[in-house]
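*Asks:* The listed protein sequences correspond, in order, to chains A and B. For the record, in the first sequence the residue sitting at position 20 is 20 according to the working numbering, with numbers rising by one throughout. Throughout, the working numbering is defined as the position within the second sequence, counted from one, plus 432.
It is worth saying that the hints were derived from the structure and are not from the lab. Treat the hints with caution; some may be incorrect.
Here are the simulated DMTMM-like cross-link-like pairs (lysine to aspartate or glutamate), alpha carbons at most 25 Å apart as the crow flies [what the hints assert, rightly or not]: (1) B:K590 with A:D60; (2) A:K76 with A:D60; (3) B:K590 with A:E78; (4) A:K158 with B:E783; (5) A:K21 with A:E78.
Covered, in the sense of this in silico footprint (three residues per stretch, anywhere, with C-beta under 8 Å from a C-beta of chain A), are these stretches of chain B [to be verified]: (6) 465-475; (7) 624-632; (8) 818-828; (9) 835-841.
Heads up, the beta-carbon is just placed ideally off N, CA and C, and yes, glycines get one too.
2 protein chains.
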Amino acid sequence: MSAASQARRVNPSLQIEVFEKTEWVSYSACGIPYLVAGDVGDVDQLIARTPAEFRERHIDVRLRHEVVAIDAENRKVEVRDHGRGRTITVPYDELLVATGARPREIELEVDDPSIIHGVQTLDDGIRLLEHARRIGCKDVVVVGAGYIGLEIAEAFVKWRGKVTVVTGSAEVMPSLDPDMGRRVRDAMIGHGIEVVCGQRVTAVEGGRVHAGRHEFPADLVVIGAGVQPNSEMAAAAGIPTGINGAIDVDHQLRTAVPGVWAAGDCATSFHRVTRQPTHVALGTVANKQGRIAGENIGGGYATFPGVLGTAITRLCELEVARTGLSMAEAGSFEAVEAVVETSTGAGYMPESRDMVVKVVAERRTGRLLGAQITGGDGAAKRIDAFATALWNDMTVHEMAMMDLSYAPPFSPVWDAVLIGARKAAARVDARG
Amino acid sequence: MSAASQARRVNPSLQIEVFEKTEWVSYSACGIPYLVAGDVGDVDQLIARTPAEFRERHIDVRLRHEVVAIDAENRKVEVRDHGRGRTITVPYDELLVATGARPREIELEVDDPSIIHGVQTLDDGIRLLEHARRIGCKDVVVVGAGYIGLEIAEAFVKWRGKVTVVTGSAEVMPSLDPDMGRRVRDAMIGHGIEVVCGQRVTAVEGGRVHAGRHEFPADLVVIGAGVQPNSEMAAAAGIPTGINGAIDVDHQLRTAVPGVWAAGDCATSFHRVTRQPTHVALGTVANKQGRIAGENIGGGYATFPGVLGTAITRLCELEVARTGLSMAEAGSFEAVEAVVETSTGAGYMPESRDMVVKVVAERRTGRLLGAQITGGDGAAKRIDAFATALWNDMTVHEMAMMDLSYAPPFSPVWDAVLIGARKAAARVDARG
Chain A
1 MSAASQARRV NPSLQIEVFE KTEWVSYSAC GIPYLVAGDV GDVDQLIART
51 PAEFRERHID VRLRHEVVAI DAENRKVEVR DHGRGRTITV PYDELLVATG
101 ARPREIELEV DDPSIIHGVQ TLDDGIRLLE HARRIGCKDV VVVGAGYIGL
151 EIAEAFVKWR GKVTVVTGSA EVMPSLDPDM GRRVRDAMIG HGIEVVCGQR
201 VTAVEGGRVH AGRHEFPADL VVIGAGVQPN SEMAAAAGIP TGINGAIDVD
251 HQLRTAVPGV WAAGDCATSF HRVTRQPTHV ALGTVANKQG RIAGENIGGG
301 YATFPGVLGT AITRLCELEV ARTGLSMAEA GSFEAVEAVV ETSTGAGYMP
351 ESRDMVVKVV AERRTGRLLG AQITGGDGAA KRIDAFATAL WNDMTVHEMA
401 MMDLSYAPPF SPVWDAVLIG ARKAAARVDA RG
Chain B
433 MSAASQARRV NPSLQIEVFE KTEWVSYSAC GIPYLVAGDV GDVDQLIART
483 PAEFRERHID VRLRHEVVAI DAENRKVEVR DHGRGRTITV PYDELLVATG
533 ARPREIELEV DDPSIIHGVQ TLDDGIRLLE HARRIGCKDV VVVGAGYIGL
583 EIAEAFVKWR GKVTVVTGSA EVMPSLDPDM GRRVRDAMIG HGIEVVCGQR
633 VTAVEGGRVH AGRHEFPADL VVIGAGVQPN SEMAAAAGIP TGINGAIDVD
683 HQLRTAVPGV WAAGDCATSF HRVTRQPTHV ALGTVANKQG RIAGENIGGG
733 YATFPGVLGT AITRLCELEV ARTGLSMAEA GSFEAVEAVV ETSTGAGYMP
783 ESRDMVVKVV AERRTGRLLG AQITGGDGAA KRIDAFATAL WNDMTVHEMA
833 MMDLSYAPPF SPVWDAVLIG ARKAAARVDA RG
């Protein structure tokens, strides 16, 4: 929908049709956990723009219309109209594939699929909420420990049931290094969530989740083990895919097939730190890519400058954020790290909260590679200073003297960002 | 004290003497308003390190020792020892002038100086607090509307007296543009503070503050009209001063006189946006300059990379921040501005608060020149992303696609920083 809107802004005379499989467009999938938690009272609040609003801009939105095949050679798509139970063929000049992603499939023995939920689309969220309301949620098990899974786990704490997170990875939130993930786990345990790491779930049978020798009673199971791009239809049409199975795109978000573009969770991105293609399924990236694709399809010119892997969340009163590469992701970069335990405000301010910042830098060059933050209110948005520094290929040495803001309610006189950079610089210098 | 500590780290054999006029070293002057407000219960909490801690590191701290003259030619200082009532002469190899700043002198007719207070040193703060406790503060008048003055005004709201701010400038907080300052004023008025702009205070007589045709009863008057560097003694010793009367220094913080260095509120800085000397009297800058000077004096090598004029505060529940140049400061840069009214979190999150971001960019080039923020909890620390972008001379066009963090508790899917940059870029493009 971002692409459609931007194409319309650029070119008022374009004919724009949008086919959407579900009954919803332009919503905040990231808001689903807050809907489940009851923080957001009504599903309509998650809708940014209604189909009617798009139609007013002459963007023809067709709900419950599922594109089932692309004929790139003849520039046509085959569309299943679920409302009327018919299939139509629609020609195009330019086609944007924005099919998103779905929960990663995991091999599971399941006797009752009705208790298992993904949380990718608004339909998923609504179905999950209806199920929860119907059964009351005595025992909720979340399989996987990524952002959305953990957010859903916290949401169900408010339902007063027992909530268990089971993950095959060694620590929760594997996009953080384990020392930082451990802090997230501690916050969750403090909130009454049972967390079981290093156990792969193999079956959901007889009202129980089975993981190795462990069993957990479950009247509701949420799969939060990451996503995979919906790229099969594009691949079947001969459109090349790459990392993680996502659709390969150039800087303007063209695929390798003439007239076909891709954007959002189904498409690859360029990682500015590794300088390699990557696949990031996040709303921020999808919105930006949509805008870029729409600009180009409308006849303008824009390029997508890439991603850093920036992400943020709040879990069980702990703020958590990361950008760039973790130590685990540093790969062929030789990296040093510095971990700083400090506070969100001046030590003497009663509202100051603990905060931990981890900085990852390249050996010898001192180039910033990434950062991770956990802490109380006000901690995590500091990740944007790191992200901006990463964007500009700064060294930790230069970062250490940046003119960042200070006042007692907001930071110690040396902000955590500066202390982290300084300590990382010292590690770089010590190691040579 | 930052310089002394860093010199000691670099060079364990250096002999280091510190002469301090008052009875306090190494304290947070920025914490004084919170001490007055009662948020900080005890003055000792504002002390970062005691003289004893410094002496353990073989830094010889002499309290109530006031340097009264510098003999740069013979590398000696004359020191008044207030404790023993004597004057001594002390030789040096390297001298750091770190005399700080004092409240800007304003021409005032005064019949009772005892009710008038500055809030620059901890002594000032303690005297103010004692006075307030003694008299109870029925009527407090703050003269001037800079950061510290307004923070003190808010602090006295907690004393349940009538608080009035009187300033000669057209709007409060003149380091913001007036449209943003107006939002600060509204927050203060909402807190019960009377704010009188555009009225220069001329006299404090008969228990009343006189400003033009206005009169305000006052049993306590705080001067918060900015500061001026304590540079007269250095100037008298032939050490050149520059902008605002501050001591001119090079990148290593050397003055033009051999063996003499300067750092902190008494010294000039280099402004990274204007590329001109500037004078910024802030704790962050002073700490950094102290560290750099100490490194060099100790025999290491470091340069001070300059300032952006970043500042932040929280006033009457409104967070306020700025960096770089305001429209008013743009000077010979032709500037365009964009103002964005958005929210701290996703619109549907109950904890989201209003936030306003103003972005200033150079015409044609699109170079970011500055930013200003007001808003609820979580708004203001975003200034650090702008500061980091300014540090790197980014254009608003490039900023608009940065990979900044997003989750519903923290921002809309397009963070205010990105929207502000995008709107500013559109203004740049429209204006040509």
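*Asks:* Run the structure past the numbered hints and jot down the numbers of the failing ones, going up.
*Replies:* 1, 3, 7
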